[in-house]
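**Student:** If you want the building blocks of each chain, they are given just below.
There are 2 protein chains.
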Amino acid sequence: MSLVVVGSFGIDTIETPFGRAEDVVGGSAVYFSLAASLFSHVKLAGNIGSDFPQAPLQTLKKRGADLDGIQTFADQATFRWTGRYEGEMNEAETLRTELNVLVEPPQIPHTYIHSPFVFLANMGPSTQLEALKTLQGHSVFADTMNLWIDTALADLQQVLEKVDGLILNDAEARALTGETHLILAGEALLKMGPDTVIIKKGEHGAFLFTEALHFALPAYPTSQVVDPTGAGDSFAGGFLGALAEMGESTPENLRRAMAYGTVAASMTVEHFSTKGLEEATRSELDQRFQKLRDFVQFSS
Amino acid sequence: MSLVVVGSFGIDTIETPFGRAEDVVGGSAVYFSLAASLFSHVKLAGNIGSDFPQAPLQTLKKRGADLDGIQTFADQATFRWTGRYEGEMNEAETLRTELNVLVEPPQIPHTYIHSPFVFLANMGPSTQLEALKTLQGHSVFADTMNLWIDTALADLQQVLEKVDGLILNDAEARALTGETHLILAGEALLKMGPDTVIIKKGEHGAFLFTEALHFALPAYPTSQVVDPTGAGDSFAGGFLGALAEMGESTPENLRRAMAYGTVAASMTVEHFSTKGLEEATRSELDQRFQKLRDFVQFSS
Numbered sequence: 000m001s002l003v004v005v006g007s008f009g010i011d012t013i014e015t016p017f018g019r020a021e022d023v024v025g026g027s028a029v030y031f032s033l034a035a036s037l038f039s040h041v042k043l044a045g046n047i048g049s050d051f052p053q054a055p056l057q058t059l060k061k062r063g064a065d066l067d068g069i070q071t072f073a074d075q076a077t078f079r080w081t082g083r084y085e086g087e088m089n090e091a092e093t094l095r096t097e098l099n100v101l102v103e104p105p106q107i108p109h110t111y112i113h114s115p116f117v118f119l120a121n122m123g124p125s126t127q128l129e130a131l132k133t134l135q136g137h138s139v140f141a142d143t144m145n146l147w148i149d150t151a152l153a154d155l156q157q158v159l160e161k162v163d164g165l166i167l168n169d170a171e172a173r174a175l176t177g178e179t180h181l182i183l184a185g186e187a188l189l190k191m192g193p194d195t196v197i198i199k200k201g202e203h204g205a206f207l208f209t210e211a212l213h214f215a216l217p218a219y220p221t222s223q224v225v226d227p228t229g230a231g232d233s234f235a236g237g238f239l240g241a242l243a244e245m246g247e248s249t250p251e252n253l254r255r256a257m258a259y260g261t262v263a264a265s266m267t268v269e270h271f272s273t274k275g276l277e278e279a280t281r282s283e284l285d286q287r288f289q290k291l292r293d294f295v296q297f298s299s
Numbered sequence: 000m001s002l003v004v005v006g007s008f009g010i011d012t013i014e015t016p017f018g019r020a021e022d023v024v025g026g027s028a029v030y031f032s033l034a035a036s037l038f039s040h041v042k043l044a045g046n047i048g049s050d051f052p053q054a055p056l057q058t059l060k061k062r063g064a065d066l067d068g069i070q071t072f073a074d075q076a077t078f079r080w081t082g083r084y085e086g087e088m089n090e091a092e093t094l095r096t097e098l099n100v101l102v103e104p105p106q107i108p109h110t111y112i113h114s115p116f117v118f119l120a121n122m123g124p125s126t127q128l129e130a131l132k133t134l135q136g137h138s139v140f141a142d143t144m145n146l147w148i149d150t151a152l153a154d155l156q157q158v159l160e161k162v163d164g165l166i167l168n169d170a171e172a173r174a175l176t177g178e179t180h181l182i183l184a185g186e187a188l189l190k191m192g193p194d195t196v197i198i199k200k201g202e203h204g205a206f207l208f209t210e211a212l213h214f215a216l217p218a219y220p221t222s223q224v225v226d227p228t229g230a231g232d233s234f235a236g237g238f239l240g241a242l243a244e245m246g247e248s249t250p251e252n253l254r255r256a257m258a259y260g261t262v263a264a265s266m267t268v269e270h271f272s273t274k275g276l277e278e279a280t281r282s283e284l285d286q287r288f289q290k291l292r293d294f295v296q297f298s299s
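Protein chains in written order, with numbering that gives the first Met the number 0: chain U, 0 to 299; chain F, 0 to 299.
Read the hints as simulated data drawn from the structure, not as lab findings. Just so it is clear, the structure is predicted and the values come from calculations on it, not from any experiment. Note that beta-carbon positions come from the ideal geometry of N, C-alpha and C, so glycine has one too. Be careful, since some hints might not be right.
[To be verified] For each label pair, taking beta carbons as the anchor points, the in silico distance ranges come out as:
| # | chain 1 | residue 1 | chain 2 | residue 2 | range |
| --- | --- | --- | --- | --- | --- |
| 1 | F | E251 | U | I112 | 22 to 32 Å |
| 2 | F | S125 | U | E251 | 50 to 60 Å |
| 3 | U | N145 | F | M191 | 31 to 41 Å |
| 4 | F | E103 | U | S222 | 39 to 49 Å |
| 5 | U | L66 | F | E251 | 47 to 57 Å |
| 6 | U | D293 | F | L128 | 34 to 44 Å |
| 7 | F | S299 | U | A73 | 33 to 43 Å |
| 8 | F | E160 | U | F17 | 28 to 38 Å |
| 9 | F | F17 | U | E251 | 31 to 41 Å |
| 10 | U | S222 | F | T96 | 34 to 44 Å |
| 11 | U | E251 | F | S282 | 23 to 33 Å |
| 12 | F | E97 | U | D22 | 57 to 67 Å |
| 13 | U | S222 | F | D194 | 11 to 21 Å |
[Said to hold, decoys possible] Chain U is nowhere near these chain F residues, computed Cβ spacing over 12 Å in every case:
| # | residue |
| --- | --- |
| 14 | D22 |
| 15 | K132 |
| 16 | L134 |
| 17 | Q135 |
| 18 | K274 |
| 19 | E278 |
| 20 | V295 |
Generate the whole structure from the sequences, applying the supplied hints.
**Tutor:** Written out as structure tokens, the structure reads:
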């Protein structure tokens with residue numbers, strides 16, 4: 000089944016204890032769809048400037064993605080983000096943000112409207128609400144960030160009432176619910192609207208909550224973590240891509256999708272920028288899926 | 000098979016966001032053996048003062064534990080610890096420590112010497128080395144803490160060369176290896192001597208490393224976390240107790256023992272002090288074991 004993603008296309012400059020990458024490809028929609036396109040038919044929407052490189056778009060096209068919703072602003076620059084990670088690299092410090100083309104709302108083509116699966120990447124909740132007016136999917140997931148929890152809570156609460164799923168990180172889950180214990184935070188988030196809540200915990204893996212299912216996975220045990228940028232969006236892309244491929248959100252499929260999200264994120268963190276996901280193949284993801292299964296499996 | 004534990008018996012005063020408990024039962028050997036005695040024949044060694052309460056010892060006796068190695072110092076006080084947890088309760092702040100009877104080395108009865116399984120709870124490495132001269136077990140596990148990494152590293156390195164297994168927390172694993180990434184830290188610890196390394200991550204679960212096996216579990220998804228004191232020792236007790244019951248440290252048994260360690264820790268954190276483990280039954284642990292399995296299981 001097809002899967003629409005609305006989000007950012009970016010050019011990042013990143014510093015980690017393992018090095019520095021200047022003016023490299025980034026953006027939530029890019030990480031998301033490089034992961035999701037290994038599983039299903041992805042349709043991208045978002046804005047780029049004339050400086051956005053062609054290579055990742057070519058890769059996406061080869062993987063069957065639909066780029067009709069990407070609007071190029073010829074006289075403007077792509078969204079830029081500069082960030083730094085230190086120590087255990089669990090949190091990025093943002094050094095600089097230039098919104099550039101992101102000030103314009105994304106345009107969603109007619110051909111996207113009835114896609115059953117949708118991911119609204121991290122954007123202002125009012126932009127997400129605008130997209131929700133157009134998109135008619137039955138499995139609409141959204142991400143958010145602390146900035147919106149602090150500055151646009153009422154709009155964000157409206158988003159939560161309308162979406163089917165929420166994917167956010169542990170700090171955001173705690174901020175949004177006031178619960179420090181993540182199991183309680185997950186349960187509180189379900190009460191705010193979505194039927195499915197995923198709390199990402201970086202190096203500690205992820206939780207999934209529905210009314211009927213609590214599920215957890217550790218991160219994939221890669222020993223090469225170089226740059227965590229985009230890991231969360233790659234997780235979301237692997238998760239929703241696999242779910243869209245399987246079609247139905249049964250508990251068993253949600254579990255398997257979580258595993259695919261986990262291995263997609265592991266491909267991203269092993270390299271700077273989108274290199275890991277651009278080079279990834281489906282069979283590599285399938286191999287890691289089996290290794291992850293072995294990593295957590297025990298007999299009764 | 001029988002399982003010797005050498006460690007502390009304590010009287011704790013604990014403050015958490017959920018309340019305060021004054022002069023309650025604590026100590027690494029107590030948490031450990033209350034968990035382990037639900038699985039196998041535990042033999043305790045350590046020192047108490049005349050003020051140590053009888054109730055937990057009665058419970059241990061009822062569970063078949065051997066108390067011959069507990070030395071009572073009639074004219075002295077039991078080890079006391081006062082600590083506080085805040086926020087996410089991932090780390091205790093020690094407010095006060097009174098060693099009292101802990102300044103005397105523990106005495107190990109003759110009948111303990113050939114027990115195949117051994118746990119040397121957190122103690123000074125020189126005391127652990129002394130115990131290692133006496134005990135002849137084939138599966139000897141040790142715990143440690145940052146204090147010894149900072150002040151007695153050479154002795155600790157000797158301990159690591161002699162033991163079969165090491166159980167420590169994430170901060171200690173990072174401090175001891177200089178690796179921030181825990182997968183690398185686990186691999187580095189294996190090179191220091193032990194065949195089995197367990198890194199405990201509190202609310203994020205635990206990793207197990209052997210040369211042949213990498214394994215991970217999240218924490219058991221209890222929604223009631225009141226006091227994390229003793230969770231790590233309860234984990235170790237459930238792990239080694241179950242392993243001693245199964246007898247052989249095969250990869251499959253190590254996985255199952257990790258799961259029992261995880262559920263034993265969950266019983267502890269739900270109440271102040273040792274209440275959870277004193278009231279726990281084997282069938283309750285078995286039920287949680289199955290729930291934990293369901294919590295992480297996905298199909299290929």
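**Student:** Find the hints from earlier in the document that the structure breaks and name them by number, from lowest to highest.
**Tutor:** Violated hints (numbers, rising): 1, 7, 20; every other hint is consistent with the structure.
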